[in-house]
Amino acid sequence: MTATFALPVPSSNGSLEQYIQTVNTIPMLTPEEETELATRFHRSDDLEAAKKLVLSHLRVVVSIARGYAGYGLPQADLIQEGNIGLMKAVKRFEPTRGVRLFSFAVHWIKAEIHEFILRNWRLVRVATTKPQRKLFFNLRSMKKGFAALTDKEAQQIADDLGVKREEVLEMETRLTGQDIGLVAENDDDEAFAPIDWLADHDHEPTRQLEKRAFDRLQSDGLREALEALDPRSRRIIEARWLADDSGATLHELAAEFGVSAERIRQIEAKALTKMKATLAAEVA
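For the sequence shown, full-length UniProt numbering assigns the number 1 to the initial residue and increments by one for each residue that follows.
Since the hints were derived computationally from the structure, they do not count as laboratory data. This one's a predicted model, so the numbers in the text were calculated from it and none came from an experiment. Fair warning: there could be bad hints in the mix.
DSSO-like mimics (lysine-lysine), calculated; alpha carbons at most 30 Å apart, straight line [to be verified]:
{"hint": "1", "residue 1": "91", "residue 2": "110"}
{"hint": "2", "residue 1": "88", "residue 2": "134"}
{"hint": "3", "residue 1": "143", "residue 2": "270"}
{"hint": "4", "residue 1": "91", "residue 2": "276"}
{"hint": "5", "residue 1": "51", "residue 2": "88"}
{"hint": "6", "residue 1": "270", "residue 2": "88"}
{"hint": "7", "residue 1": "274", "residue 2": "88"}
{"hint": "8", "residue 1": "143", "residue 2": "164"}
{"hint": "9", "residue 1": "91", "residue 2": "270"}
{"hint": "10", "residue 1": "270", "residue 2": "134"}
{"hint": "11", "residue 1": "152", "residue 2": "134"}
{"hint": "12", "residue 1": "276", "residue 2": "152"}
{"hint": "13", "residue 1": "164", "residue 2": "110"}
{"hint": "14", "residue 1": "164", "residue 2": "51"}
{"hint": "15", "residue 1": "274", "residue 2": "91"}
{"hint": "16", "residue 1": "51", "residue 2": "110"}
Restraint ranges, calculated between C-beta atoms of paired labels, are given here [stated by the list, open to error]:
{"hint": "17", "residue 1": "45", "residue 2": "255", "range": "45 to 51 Å"}
{"hint": "18", "residue 1": "94", "residue 2": "21", "range": "49 to 55 Å"}
{"hint": "19", "residue 1": "274", "residue 2": "30", "range": "53 to 59 Å"}
{"hint": "20", "residue 1": "22", "residue 2": "250", "range": "44 to 50 Å"}
Quick reminder that beta carbons are idealized off the backbone N, C-alpha and C, glycines included.
Make a model of the complete structure from these sequences and hints.
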């Protein structure tokens, strides 16, 4: 799908503002239009219908990508990665489930942006465990203002995220050392669609639908994804990602199974890919 039709492309050395203005002029779809286009795409592989679904939601990607402006990576690149997630969401979207494409696509857009940040930002090397990754992506929003954390505030965040107070303070030091401008690239309200503000409302309908789907994936979906794995793969995933503590290392599991750490990494990667496919099927 990505190679068959052209989309507007944000450019780091071009006019990013022009791109944002362009995608904000593309009208959002009504529920009826969205259902009709998605049905056409899935029944007859109508790429023109898929293109309209993607184009109408490019502004959503821009809104989400702006939330990751503090990681020192080009905004245009973040948008590009988010667009890939959007196209993956369109491919898997099923309107008969009763969820709007916006709500369904949020997960896929954020997932691609997260992967891009983890691949490209050198300071993320400290985020080697699941709790640390959670700390990495949540510390900014949990801080009250821009002042340095007090010991009490750091301890509270550590308790909430299941990490050590020292890890919170270390991550804060690393993040603030890489911060770019604190203001948005454009503070003109007219430059952004109303969806930019609606996405922040906890009780907005699409947010509620997203949370409901996420909660289901965290329980039934995760259990089914784990059950689809062989015993060794399940043990590795549970030890690496679902342990109450910081999780087992590759070398610890290598010693347990009598193989190399690289072999454990390969099994883990294959298992995660299989679990993602199972979870995607659950969503669809």
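Each hint tested on the structure:
1. Among the hinted pairs, residue 91 with residue 110 is consistent with the structure: their alpha-carbon atoms are about 16 Å apart, no more than 30 Å.
2. Proposed proximity of residue 88 and residue 134 is supported: the alpha carbons are some 24 Å apart, at most 30 Å.
3. Between residue 143 and residue 270, the direct Cα distance comes to roughly 36 Å. Violation of the 30 Å bound is thereby established for this hinted pair.
4. Among the hinted pairs, residue 91 with residue 276 is consistent with the structure: their alpha-carbon atoms are about 15 Å apart, no more than 30 Å.
5. About 12 Å separates the Cα atoms of residue 51 and residue 88, which keeps this hinted pair within 30 Å; it holds.
6. Straight-line distance between C-alpha atoms of residue 270 and residue 88 comes to about 20 Å, which keeps the hinted pair within the 30 Å bound.
7. Simply put, residue 274 and residue 88 have alpha-carbon atoms about 16 Å apart, close enough for the 30 Å limit, and the pair holds.
8. Proximity of residue 143 to residue 164 is assessed by CA-CA distance (about 16 Å); at most 30 Å being required, the pair is judged to hold.
9. Between residue 91 and residue 270, the direct Cα distance comes to roughly 22 Å. Compliance with the 30 Å bound is thereby established for this hinted pair.
10. For the given pair, residue 270 sits about 22 Å from residue 134 by alpha-carbon distance, which is consistent with the 30 Å threshold.
11. Taken as a hint, the residue 152 and residue 134 pair is honoured in the structure, with Cα atoms around 20 Å apart against an allowance of 30 Å.
12. Between residue 276 and residue 152 the CA atoms are separated by roughly 38 Å; this puts the pair beyond 30 Å, and the hint is violated.
13. Distance restraint check for residue 164 and residue 110: the Cα-Cα separation of roughly 26 Å lies within the 30 Å cut-off, and the hinted pair is therefore satisfied.
14. A distance of roughly 46 Å separates the Cα atoms of residue 164 and residue 51; the hinted pair therefore is violated under the 30 Å criterion.
15. Taking the CA atoms of residue 274 and residue 91, the gap is about 18 Å. The hint holds against a cut of 30 Å.
16. Only pairs whose Cα atoms come within 30 Å are accepted, and residue 51 paired with residue 110 is accepted, the gap being roughly 20 Å.
17. Under the hint 45 to 51 Å, the C-beta atoms of residue 45 and residue 255, about 49 Å apart, fit the expected range.
18. About 32 Å separates the C-beta atoms of residue 94 and residue 21, a value inconsistent with the hinted range of 49 to 55 Å.
19. The hint said 53 to 59 Å for the Cβ distance between residue 274 and residue 30, and at roughly 37 Å that hint is violated.
20. Roughly 45 Å separates the CB atoms of residue 22 and residue 250, a value that falls within the hinted 44 to 50 Å.
The structure fails hints 3, 12, 14, 18, 19 (numbered hints given earlier, in ascending order).
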